[in-house]
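Q: Got chain A; can you put chains B and C on it based on the hints?
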Amino acid sequence: MTLTLALVQILNGLQFGLILFLIAAGLTLVFGVMDFINLAHGVQYMVGAYLVAAFTTMTGSFVAGLALALPAALLFGLLLEVLIFRHLYDRDHLDQVLATFGVIIFLNQAVKYVWGAAPLNVAIPDALSGAIEITDGMLYPVWRLVIIAAGLAVGLALYLVVNKTKLGMLVRAGASNAAMVSALGVNIRLLFTIVFGVGAMLAGFAGAMVAPILSVEPGMGDNVLILAFVVIVIGGIGSIRGAFIAALLIGLVDTLGRFFAPTLLKLLLDPSAASQTGRAIAPMLIYILMAAVLFFRPSGLFPSKQ
Amino acid sequence: MSSAPLQLQNICKNYGALRVTDDVSLNIEAGELHAIIGPNGAGKTTLIHQISGHAQSDSGRIIFDGQDVSRLPMAERARMGLVRSFQITSILPRFSALENVAIAVQARSGSSFSFFGNASKEPALNDTAMALLSRFGLAARASVPAGQMSHGEKRQLEIAIALAAKPKLLLLDEPLAGTSHDESQRLINTLQELRKELPIVLIEHDMDAVFALADRVSVLVYGRIIASGSPQSIRDNAEVRAAYLGEEAA
Amino acid sequence: MNNLLDLDAPASPALATPPRANRAYLLPLIVFVIFALVPLSALWGSQSFILALVTRIMILALAAMSLDLLIGYGAMISFGHAAYVGLGAYSVAILASHGITDGFIQLAVALGVSLIFALFTGAISLRTKGVYFIMITLAFGQMLFFLGTSLAAYGGDDGLTLASRSMFFGSKFLKNDVAMYYVAFGVLLGAYLLLRAIVASRFGRVLRGIRENPVRMEAIGFAPYRYQLTAYVIAGMIAGVSGFLLANQTEFVSPAYTAWQRSGDLIFVLVLGGLGSLHGAIIGAAVFSLLADILSHYTENWALIFGPILILVVLYARGGITGLFGSKS
Numbered sequence: 685m686t687l688t689l690a691l692v693q694i695l696n697g698l699q700f701g702l703i704l705f706l707i708a709a710g711l712t713l714v715f716g717v718m719d720f721i722n723l724a725h726g727v728q729y730m731v732g733a734y735l736v737a738a739f740t741t742m743t744g745s746f747v748a749g750l751a752l753a754l755p756a757a758l759l760f761g762l763l764l765e766v767l768i769f770r771h772l773y774d775r776d777h778l779d780q781v782l783a784t785f786g787v788i789i790f791l792n793q794a795v796k797y798v799w800g801a802a803p804l805n806v807a808i809p810d811a812l813s814g815a816i817e818i819t820d821g822m823l824y825p826v827w828r829l830v831i832i833a834a835g836l837a838v839g840l841a842l843y844l845v846v847n848k849t850k851l852g853m854l855v856r857a858g859a860s861n862a863a864m865v866s867a868l869g870v871n872i873r874l875l876f877t878i879v880f881g882v883g884a885m886l887a888g889f890a891g892a893m894v895a896p897i898l899s900v901e902p903g904m905g906d907n908v909l910i911l912a913f914v915v916i917v918i919g920g921i922g923s924i925r926g927a928f929i930a931a932l933l934i935g936l937v938d939t940l941g942r943f944f945a946p947t948l949l950k951l952l953l954d955p956s957a958a959s960q961t962g963r964a965i966a967p968m969l970i971y972i973l974m975a976a977v978l979f980f981r982p983s984g985l986f987p988s989k990q
Numbered sequence: 024m025s026s027a028p029l030q031l032q033n034i035c036k037n038y039g040a041l042r043v044t045d046d047v048s049l050n051i052e053a054g055e056l057h058a059i060i061g062p063n064g065a066g067k068t069t070l071i072h073q074i075s076g077h078a079q080s081d082s083g084r085i086i087f088d089g090q091d092v093s094r095l096p097m098a099e100r101a102r103m104g105l106v107r108s109f110q111i112t113s114i115l116p117r118f119s120a121l122e123n124v125a126i127a128v129q130a131r132s133g134s135s136f137s138f139f140g141n142a143s144k145e146p147a148l149n150d151t152a153m154a155l156l157s158r159f160g161l162a163a164r165a166s167v168p169a170g171q172m173s174h175g176e177k178r179q180l181e182i183a184i185a186l187a188a189k190p191k192l193l194l195l196d197e198p199l200a201g202t203s204h205d206e207s208q209r210l211i212n213t214l215q216e217l218r219k220e221l222p223i224v225l226i227e228h229d230m231d232a233v234f235a236l237a238d239r240v241s242v243l244v245y246g247r248i249i250a251s252g253s254p255q256s257i258r259d260n261a262e263v264r265a266a267y268l269g270e271e272a273a
Numbered sequence: 006m007n008n009l010l011d012l013d014a015p016a017s018p019a020l021a022t023p024p025r026a027n028r029a030y031l032l033p034l035i036v037f038v039i040f041a042l043v044p045l046s047a048l049w050g051s052q053s054f055i056l057a058l059v060t061r062i063m064i065l066a067l068a069a070m071s072l073d074l075l076i077g078y079g080a081m082i083s084f085g086h087a088a089y090v091g092l093g094a095y096s097v098a099i100l101a102s103h104g105i106t107d108g109f110i111q112l113a114v115a116l117g118v119s120l121i122f123a124l125f126t127g128a129i130s131l132r133t134k135g136v137y138f139i140m141i142t143l144a145f146g147q148m149l150f151f152l153g154t155s156l157a158a159y160g161g162d163d164g165l166t167l168a169s170r171s172m173f174f175g176s177k178f179l180k181n182d183v184a185m186y187y188v189a190f191g192v193l194l195g196a197y198l199l200l201r202a203i204v205a206s207r208f209g210r211v212l213r214g215i216r217e218n219p220v221r222m223e224a225i226g227f228a229p230y231r232y233q234l235t236a237y238v239i240a241g242m243i244a245g246v247s248g249f250l251l252a253n254q255t256e257f258v259s260p261a262y263t264a265w266q267r268s269g270d271l272i273f274v275l276v277l278g279g280l281g282s283l284h285g286a287i288i289g290a291a292v293f294s295l296l297a298d299i300l301s302h303y304t305e306n307w308a309l310i311f312g313p314i315l316i317l318v319v320l321y322a323r324g325g326i327t328g329l330f331g332s333k334s
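Protein chains in written order, with my numbering: chain A, 685 to 990; chain B, 24 to 273; chain C, 6 to 334.
Bound conformation, chain A alone (with noise of 0.2 Å):
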């Protein structure tokens, strides 16, 4: 019984994972490439929730919803590019933060103003809606086992575009030395805008697909940025290897530890206080190992700049 259960924490924590994975590429190459910090990459999570959703209810049809929202989401993203974030490349960081961070602002609300404020919901397609026994007794949601494999799918691909082609040799070589790739005579605006659009469709993507089993509402990238900032941080900035390693790190022990917190310590303490002190403890893990391996490794695990 616990081990079965231990399996569904296992794969739920690889599903949560691959969504923070999908949404910290973006901002991993993003930050890698441009030296540029974007708060509002949670934003574009959001919004790519909310376009499926508006999709789907339009559509009537969740396939068509997703197909229609992912290149409004990547439209959405180019637009806030040449609109605002063109302008701040120059910048410092901190300019960067509070633009972007006035961006979150408005968004936040203005998604609110034209959806309100009450949770939307998206239904699953009908074939993916059920569940399947994956071992005796065990019922896992098709749809969270779609997300996995569509996070391994797109993890696959954005490795193969990055280490096997001209476009991703480009983006390695800006991620650790911009200015030596400009001066190659690579139009550098023209690929930042690129890494920027897909990063933006990932992240809208990320947003998609987890739309059917969270509520979407006004908000929701608020912390599942943090969380990708806390596995880009961990996993090394720019590197996309490191970004899926720290990902599945993340959703593992973020899952995993607020289901066994509690258990673990009711081995120590008596079995309200464990059941307190692990449920306090638990959101805290990540933190505690972002903290733990920045000690060691003040830029992360695998650093892409000299």
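By construction, these hints were calculated from the structure, which means they are not laboratory data.
The structure presented is a predicted model; accordingly, all values stated were derived computationally and were not measured.
For glycine and all other residues, C-beta sits at the position ideal for the given N, C-alpha and C.
Keep in mind that the hints are not guaranteed to be accurate.
Claimed, not checked - Label-pair ranges, simulated between beta-carbon atoms:
(1) A:Leu840 to C:Leu58: 50 to 58 Å
(2) A:Pro809 to C:Ala322: 48 to 56 Å
(3) A:Ala802 to C:Ala322: 35 to 43 Å
A: For chains B and C alone, kept in the frame of chain A given last:
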């Protein structure tokens, strides 16, 4: 056991696969001005970084004033009297010239964990700083923000800052870089004065200045010292001429 | 790239070489005189909401001013400063919920807890640089936020209402809003003078030097880490005091005090008022709070206006309000 104030023993530094300084051993004797020359990319600045502690050596030992400082951070070496200047001017741009020097005086007089009392009004710090500025002909510019000074003035200021930190040995990384003829003449005069007071390690591209100033010259090529000796012997050294001076002529 | 603050930014010229004393002290003097006189407005009718609003402004200003020591003078962009406001506030509320209502004990605990948290998180965060530092401070702040939400015994998500304000010398005089106001005023004035002294002191000069050029400072013998960590702890403790005041003023604490958006607000306030001048934090806090208050009277969607204002300030008015004053001369 040598009594030389600064001894480099087989120090190396790699950046990735690139070996930038390769097994450098050198003694800087008391009272000498030791110039290190070499083509661009020979590892001269890296060597200064290693000696000053701005970069840690991968192997080898650095003995300063009888102590092994190989693993000490730059700030600690500076407090021991191993003080450097930078190839690219390094000052506090929004501080006045006077405060740039006064804060270096402050570094070597009393604790800086003092939270009350206006530091910019401490006579002891300002008087010493002002005396140094006067010595470098910058007294009239004392209240100008350092970032607004001319390039030549900044180079002078940097040496004043270094002296304020009470050096026992000075590491100068291309102090003449980018200066006009008049400015560099002025700096050379300054160095002529300074060499009487303390040992100096000088990296410089201006060969006239090097041969005018140096007691000894070492030639660094691809991270290795290929020759070391009096200016005359370096000038006459065939290997040096081939590796370096010939290159200049070409 | 490691130099986080743009050195060419039109920030206060008073940082390195103070201008004539009368000019440098005129603006803060006016600000404090105005604050001192606000309670007199009660003479023209009971304007308790003004008193409460300005008390909140002063508390916000206190937190933002402590952050100025880090960002404006130390080039340490902490994005988790609201954590200390929360630590101070929870110190009051948790002790009060156990019947300890003595203000001195609560204040001592607030200071102690802030000190320990700042020392611990600062020691780790300051090993990193640039963007890493911003994100680590953010994450540590968030860690406290989640700790707050999971403290079921102390209200969890919903927060905790104070049974009463702190007592001093066994007296409940803080219940009086005017007394509360002047306590906040006194603390703000005290903190201003303290920070003024610190930034001008030997320590403060080293801190400013590190902001300008850390490598230069190392080359003359200063190890930045120790100075930055000390500043980090001082700033954390002052923000802790602002939390102590906030809990008393609102008679309520909640994890929302430590949310990262509140840390963002603090930076907003600071940049709005002007970095690196201390009184800029006060002016920024006043403008921020009044703007939010006024806009929210007209529309519940005031954030739609607030967000763009922030973006425009960053893009076009980087010196903040004190910067505008400075450019007039």
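Q: Determine for every hint whether it applies to the structure shown.
A: Tested hints:
Separation of leucine 840 of chain A from leucine 58 of chain C is about 56 Å and conforms to the stated range, judged on CB atoms against 50 to 58 Å. Here the CB-CB span from proline 809 of chain A to alanine 322 of chain C is close to 49 Å, well matched to the stated 48 to 56 Å. For the pair alanine 802 of chain A and alanine 322 of chain C, the supplied restraint of 35 to 43 Å holds, since their beta-carbon distance comes to about 37 Å.
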